[in-house]
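Spelled out, the chains give:
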Amino acid sequence: MGLLLTDIVDALGGSLEGAAPGLRIEGIAPLDSAGPAELSFLNNQRYQAQLAQSRAACVIVAPALRAQALERGAAIVTDEPYLYFARLTQLWARAQGQAAQPGIHPSAVVHPDAQVDASASIGPLCVVEQGAVIGAQTVLASRVSVGARCRIGARCIIHPGVVIGADGFGFAPHQGEWVKIAQLGAVRIGDDVEIGANTCIDRGALDDTVIEDGVKLDNLIQIAHNVHIGRHTAMAGCSAVAGSTHIGAHCQIAGAASIIGHLRIADHVHVSTNTVVTHSINRPGHYTGVFPMDDNAQWEKNAATLRQLYRLRERVKALEHLCKNTTPPRPQ
Amino acid sequence: MGLLLTDIVDALGGSLEGAAPGLRIEGIAPLDSAGPAELSFLNNQRYQAQLAQSRAACVIVAPALRAQALERGAAIVTDEPYLYFARLTQLWARAQGQAAQPGIHPSAVVHPDAQVDASASIGPLCVVEQGAVIGAQTVLASRVSVGARCRIGARCIIHPGVVIGADGFGFAPHQGEWVKIAQLGAVRIGDDVEIGANTCIDRGALDDTVIEDGVKLDNLIQIAHNVHIGRHTAMAGCSAVAGSTHIGAHCQIAGAASIIGHLRIADHVHVSTNTVVTHSINRPGHYTGVFPMDDNAQWEKNAATLRQLYRLRERVKALEHLCKNTTPPRPQ
Amino acid sequence: MGLLLTDIVDALGGSLEGAAPGLRIEGIAPLDSAGPAELSFLNNQRYQAQLAQSRAACVIVAPALRAQALERGAAIVTDEPYLYFARLTQLWARAQGQAAQPGIHPSAVVHPDAQVDASASIGPLCVVEQGAVIGAQTVLASRVSVGARCRIGARCIIHPGVVIGADGFGFAPHQGEWVKIAQLGAVRIGDDVEIGANTCIDRGALDDTVIEDGVKLDNLIQIAHNVHIGRHTAMAGCSAVAGSTHIGAHCQIAGAASIIGHLRIADHVHVSTNTVVTHSINRPGHYTGVFPMDDNAQWEKNAATLRQLYRLRERVKALEHLCKNTTPPRPQ
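Residue numbers (the working numbering), protein chains in the order written: chain A, 1 to 332; chain B, 1001 to 1332; chain C, 2001 to 2332.
No wet-lab data here; the hints were simulated from the structure. All figures in this text were calculated on a predicted structure; none of them were measured in a lab.
The list that follows gives simulated cross-link-like pairs (lysine-lysine, DSSO-like), each with its CA atoms no further than 27 Å apart: (1) A/317 with C/2301; (2) A/317 with B/1324; (3) A/317 with A/301; (4) B/1317 with A/301; (5) B/1324 with C/2301; (6) B/1317 with C/2324; (7) B/1317 with C/2317; (8) A/317 with C/2317; (9) C/2324 with B/1324; (10) C/2301 with B/1301; (11) A/324 with B/1324; (12) B/1301 with A/317; (13) A/324 with C/2324; (14) A/301 with C/2301; (15) B/1317 with A/324; (16) C/2317 with B/1301; (17) C/2301 with C/2317; (18) B/1301 with B/1317; (19) A/301 with B/1301; (20) B/1301 with A/324; (21) B/1317 with C/2301; (22) A/317 with C/2324; (23) C/2317 with B/1324; (24) A/301 with C/2324; (25) C/2317 with A/324; (26) C/2317 with A/301; (27) B/1317 with A/317.
Hey, can you work out the whole structure from these sequences and the hints?
What follows is the structure in structure tokens.
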């Protein structure tokens, strides 16, 4: 249990200052709750005031806060404290033995014609179907389904309940009924992708659905058939993308946002929470469409007016016309 | 099959009146569809008109409706008919042998270092990981995943597909990519909590995600890392709470509502369906933010105007200015 | 691998013209990406310009485009090219051996008192509980849960992670806590229903939840207790229906739309994406309620104004009153 501060710095770099020799850390905690055997970090200048009061054994800080941090005790000085913290959590997890073990859990159902890299970890009660490919060091946590012919790259993390390669939602209408379009494509997932619990990525109708390298998807996300998500785009929980939409690289899609089908979203687009994207976005930027929350009684009055908004504009137009005609001549 | 009315009253209390001796009930049904061997209830005065027409063998009513109920047949008189009905459904389910049996289904994968109370029921194809704790009389239905070190209290009901303790969605940005923040916390769930199908509760980044006693979560809900939900709060299906938000006790969050991260919601707050909570709520009350539905053509006109709403306000302001200046002097 | 064009026409009908004898197709692809051994189709007149450029071996077209198609090569002429394409994908999937095999996968947990038709396919790690009924040729993909006494008709396709028959979300309030209403009903699903990955359909409280013949549900949909969905209605991903709502036949509910509880929706109603249906809909039509997305800065100005919309209307009303009184008499 725990790590020596010196071992942390040996592994992750940074400059350890003001620490007693042999100081051992027993946990990582936020500044305001860290105890005297815990390591903390200060990322945001806004929390600077918490620094002096923190009981943490040591604080990870940027060079600008070095002096202030040392006044209260030990510090690890590094250019990017938040990045350092991220790497520290990974080191900590490994030290606590929390890394997934390579191999296929005996309760998993892996088709003999699937290809699973020997360094991958297939957790309990996963299903990997015929022709699926799972890359090196990829982890399927538990109860993950990977459909036939779907491919997952290296170093991916797939959380419980994820469904990769269910049929896309495609039907031809015929005499008031729906005739199924068999979904003949698959899903292709790049390297270093993380997919949150119970998220669904459908297989393509003819071509594949594609998730590029470094994409991060949160829980309960819906990715429809033939969607393409560019490198290092991140999508938060409960967001959804309808069929054949192409999302660029380095986008951020906030929680419960929806993007309708057959659109193109440029790189570096940021969509706010619960926003519905109904047309293509050609330029980087931050886009929003959320009804502002209010006290229910206020909302009712505003919402009732909203239903007549077009008429309100017509009334304003009529007033403008009227006033123009009635404005007295300006003094010459 | 069935229960004697006298056995029901022996178990649940209330006063049975007007019933023939030995009357046996073969089902529970709403007033308007109950048959002559079924027990019904009248909770809402609005449905009082249905009472006279009901064919039910017996009706559960409040004292105020006793006389009216007895005119048509047997009645169980009790102060809280709806509560009585709830307890009756539980009695009925037990009588039909629908209660889960204690023990671990042989197809479940339970880590040898997990602690499962002997009275708990772990259903088929569940996964309980290392160090997890499952309390007395708690039921994991089927295909539930409980991650390492997560704790579930007593008398909880966890429905199929639930994922407790997947990683929270945390990354540090670095040169256009995302560096994973290993999620070192766990999930702590109190007693008497019910969690609906395919709902996800992520483990905390450093501290735990906490669900207090008596919380009820419906299906397909997303609870992000380090969220805290207070006692007896109920959340309906498809709602979502982003990271580190603290929801008070006795709140009601309606379906598909979203609460963004790092907020505080007071006790006794009611959030309407599909409302997006974007700032903390300090006072009990009812809060709403929903775009009113309309015929599509009407909506298009109003929505187009909404996109120019700020300009419309400016136009009104200009008119006000103009009219003030052009108003004729009032008669003296 | 592949199919002869003549075999396709023998199986599906249509008129094959301009094809070299023995022409074999090795894939199906969209017009713009099809290679010289692939079969394509032209459904929408909009894509007519792509026809001349397409490298496809053969194109499925309507009679009106026959001449134009034959100028570039082989064609299958049929009255409904998109329907033909749908049937072709099914033929293709069967020819590739992608059809599910009848029988119960050894890893599935099927209660001895469940009834599974011999022609049904129960995939890996599914759970079928006591008294459940699975009809002829129905496919449960993998990791599907079907609760006690729930019934699924013939020729249904149930994708991974689906939960049918979890408890509805019903509680009686009592002294600030929630008393569970045991859910005594079940779920009844008709024939030819398809249900997408991780979708949840709750059992009814007293009566059953009902999904009629031919209904198509996409992924991550929430169907609450006692909902009734009429024949051939289709619902797209992440949509949700709250308790006891009755949806008619032939409706289309777009993605992430919500319908609150205890409503009635007529037949042939189309609800737009992300629309919240808060009252019953008695007439066929197209209904919408979506906040229009905008550049974030624009949105902020409009949203701030929206919060004062009622007041803005009052200001317009005051101006109208003022202007009426100040309007100069018209020239006689």
